[in-house]
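Which chain is which? The protein sequence lines are F and C, in order.
Residue numbers for the first sequence follow this note's numbering, so the first one is 1 and each next one is one higher.
Residue numbers for the second sequence follow this note's numbering, so the first one is 1 and each next one is one higher.
Source of the hints: derived by calculation from the structure; they are not laboratory data.
Watch out, some of these pointers could steer you wrong.
Stated by the list, open to error - To give an idea of the chain C side of the interface with chain F (calculated C-beta under 8 Å), a few residues: (1) D42; (2) P48; (3) G52; (4) L73; (5) T203; (6) I289; (7) I290; (8) A291.
Stated by the list, open to error - Each pair of labels, with its calculated beta carbon distance range: (9) C:P277 with F:S287: 30 to 40 Å; (10) F:P164 with C:P277: 22 to 32 Å; (11) F:Q353 with C:W278: 18 to 28 Å; (12) C:G125 with F:L229: 29 to 39 Å; (13) C:M209 with F:L229: 35 to 45 Å; (14) C:V71 with F:P402: 37 to 47 Å; (15) C:P277 with F:P247: 46 to 56 Å; (16) C:A291 with F:L229: 41 to 51 Å; (17) F:S277 with C:A207: 44 to 54 Å; (18) C:W278 with F:R286: 46 to 56 Å; (19) C:M209 with F:R286: 32 to 42 Å.
Quick reminder that beta carbons are idealized off the backbone N, C-alpha and C, glycines included.
Each chain, letter by letter, is given below.
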Amino acid sequence: MIAWRRMFQINLSLPKPQSLLLALGVYSGLLASMGCSPTPASFVPHRLMTARMESELRADLGDIERQSQTALNELFGTPDEPRWPAAISSDPNFDQLVDIEYLQRAAGPFGRKVKNLETGLFRKHCTHCHGLTGDGFGPAAALLSPYPRDFRRGTFKFKSSISPSRPTLDDLIETIEHGVPGTSMPAMANLKKDEHYADDIAVLAHYVRYLSIRGEVERQIMMGLVPELDLSAGESIYDQNLRDTDPAMFDKQKIAIEEIVRSVVKKWSDAQPSDVSPQGVRVDVRSSSDFSETIQQEFLASARRGKELFRGTTAACSQCHGEQGDGIGKIRDFDEWTKDWTIRAGVDPKDPQQWKPLKKRGLLKPVYALPRNLQWGTFRNGAEPDSIFRTIVNGIAGTPMPAAARIADMKNGLTDDQVWDLVNYCQAIGIPDIRKQVGERKVPNDGT
Amino acid sequence: MELSPSIAEKHNGSRWPFRAAFAVAFTMFFLIWIGGLVTTQDAGMAVPDWPGTYGYNMFAYPLSTWFYGPVDLFIEHGHRLWASFVGLLAIVSWVIAWRNESRPWVVLCTFVLLLAVIFQGVLGGVRVLFDAQTYAMIHGCFGPLCFAFASAIALFTSKSWHKSNAATVTKVRWIPRLLVFQTCVVVLQLFIGAQLRHTHATTPPLAFMGLVHSHLTLAFLATALILTTSHACFWRISKAPSEQSRIIKRFSIFLFILILVQLCLGFATWICNYALPWADASQALSTYIIATKGYWESWITTIHQATGSLIIAFSFVLTLAVWRQKG
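With the sequences and hints as input, model every part of the structure.
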């Protein structure tokens, strides 16, 4: 107490200008320590991938990770100054894939620095959850359920294309515009209502594509090139010192990486929406105009057939979604993003002792990918009959929801008619009145 | 500086110092709303230069571009214009106090407030010129503190402050002390809230989670404190027959209501921004879709921030009022 008093007295005894200068100095120091201007942003290396490869190869890959980042920065630029790989931008097959002008609008800190044009849209709308790198490790990520998508795998759940393939640009736009119900992914449809923000959604979709391609290239470099190196002999994947000392080797490394870029970009370029079969009972229960008496009877008959398929062994939907479609099935599994850094890296996701050390590398607590409670009528991939059809035949990429076995692929698979029966059953149990008519009861306690 | 004036203190009868101080506090609260909207709409850098606006003198910026331009530009430029108006009122308030106020320390307070308003304006400019979130956060924290100070000046110049004497009303010494602690807690809550609102893109998820948990813990602590002090002020102080007691009673009721509203707003703010992590718990949650920059989403978040500022101001003013009467 006495010491405090003494200190107080000393401060008071200072002449006023000195006190002010002292206060100003302390305050300026405080602000200086916080930084006066934004530091240049940089992409975060895929540390979980490095950890997995280090575990597989039993080697320290710190240098390889740095080389990989150098190559990626040369190809794709930085979050403030994005670039589209030169080898791709000159290729007529791929030059339409990402709009450079859109990339520049999405990148950088947000604001209107040039000609009243808004830039930094990704940081304005997305980084808080998806992170600057699109790694799904933004500041809010750990508090959300489900976790924000990690774009770097190239896997997107909600799309119209067949399961392993990449989403189309329209798929990305659809998700950004309409959001994902029951999750933290917002609908940005409001932006389209104002002419000043009308193309913001397209800008973001292009940037998501860019981040995803960059991330996938990074992943392929580590998974494809690194295992082939003789690490004990000091081999590298992209050593800039070789540019002068061994230009032939340097070119070889550069070409290998550019080939990876081409193969990744091709997957995105090939993405096409899958067909929806016109053969079967196609009814949109949410549209009253579709629901005449005759159609209603046809629909209910189809839905009842769908109920049998739902519980049968071919479609086997009830294994995960439960007999009543309430999401309470017998099987629980993790999604592919979790499996990548746990099961495939020899780590048990159910054992915290095993996965906790990976938290500092960017692992979020493993959680189960829960099957949808269909009785609530919420279809995250779209509630239109065509979207449900596609979800059944394509599956949901990255999740335990598989593509349905179809007659075209296997002898006892489903016909298109039967897929439509399943579609109609899924629609029917989502609406309480119709649910009763197909002989389904409501789940006790509202399905919880 | 003597905050508790003597009983013999004379009041020259002019109501203008109070009117001016109240006008500053009132317009400042509205400024805090607009400032909150700037953050909610990420409009802080909608105008990249300062003190001008796109090369124009701020006051000469074409109305057509302002009104019919993008929303973020409309809000940010409006924030600057309104801030200038508040600055003007702060000058007027100081001049009026200087000419009409018999208490030198009140005149000094109005001058300090004017300096604080100018500093806050410069801070806003620095935030733009350096394009730094850290300055935005400091700017966002300093605004509510200015508002609390402006509210205190309105209290000092109010009729009831003049009318009441500083005679001992209560001997319950823990109430003023607890009020000081409560004010510190709500100010700390403001700092954490500002950090949540100005999170940098590279902030690690665990750090953000820590901030959220701290914000929640302090929310419950602040609620418990306000419920306790409001109850104590209402039942133990405000029953005394004095003009000051009437103010204390009013403020304690306001604070009581505000903290309950603020809790609801905080909960709603989280849902509007992140949804609830238990989407499978009910059909309503499973179908809920957040709307980016939606009308309700924006207003709820902004009102939550503005109510926080109001709580700080009320808590500070209540503390001063009670402190003046402590035994």
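Structure-based check of all given hints:
For C:D42, the shortest C-beta to C-beta distance to chain F is roughly 5 Å, which falls under 8 Å, so the interface hint holds. Hint on C:P48 holds. Least Cβ distance to chain F is approximately 5 Å, under the 8 Å limit. A least Cβ separation of about 14 Å between C:G52 and chain F goes past the 8 Å threshold, and the interface hint is therefore violated. For C:L73, the interface hint holds, the least distance from its beta-carbon to any beta-carbon of chain F being 7 Å, beneath 8 Å.
A distance limit of 8 Å between C-beta atoms decides the matter here; for C:T203 the minimum to chain F is near 4 Å, and the interface restraint holds. A hinted interface residue such as C:I289 counts as satisfied when its beta carbon comes closer than 8 Å to some beta carbon of chain F; here the least separation is about 4 Å, so the hint holds. About 4 Å separates the beta-carbon of C:I290 from the nearest beta-carbon of chain F, less than 8 Å, and the hint is met. Taking 8 Å as the C-beta cut-off, the interface hint given for C:A291 holds, the closest approach to chain F being about 6 Å.
A beta carbon spacing of about 33 Å between C:P277 and F:S287 agrees with the range 30 to 40 Å that was offered as a hint. Judged by the Cβ atoms, the range 22 to 32 Å given for F:P164 and C:P277 holds: they are separated by roughly 29 Å. Under the hint 18 to 28 Å, the C-beta atoms of F:Q353 and C:W278, about 27 Å apart, fit the expected range. Between C:G125 and F:L229, the C-beta spacing of about 53 Å breaks the proposed range 29 to 39 Å.
Distance hint check: the CB atoms of C:M209 and F:L229 are about 38 Å apart, consistent with the given range 35 to 45 Å. Our hint of 37 to 47 Å for C:V71 and F:P402 holds, since their Cβ atoms are close to 45 Å apart. Here the CB-CB span from C:P277 to F:P247 is close to 54 Å, well matched to the stated 46 to 56 Å. The beta-carbon spacing between C:A291 and F:L229, approximately 49 Å, falls within the hinted interval of 41 to 51 Å.
At roughly 50 Å, the beta carbons of F:S277 and C:A207 sit within the given window of 44 to 54 Å. Between C:W278 and F:R286, the C-beta spacing of about 26 Å breaks the proposed range 46 to 56 Å. C:M209 and F:R286 have their C-beta atoms about 39 Å apart, which keeps the hinted 32 to 42 Å range intact.
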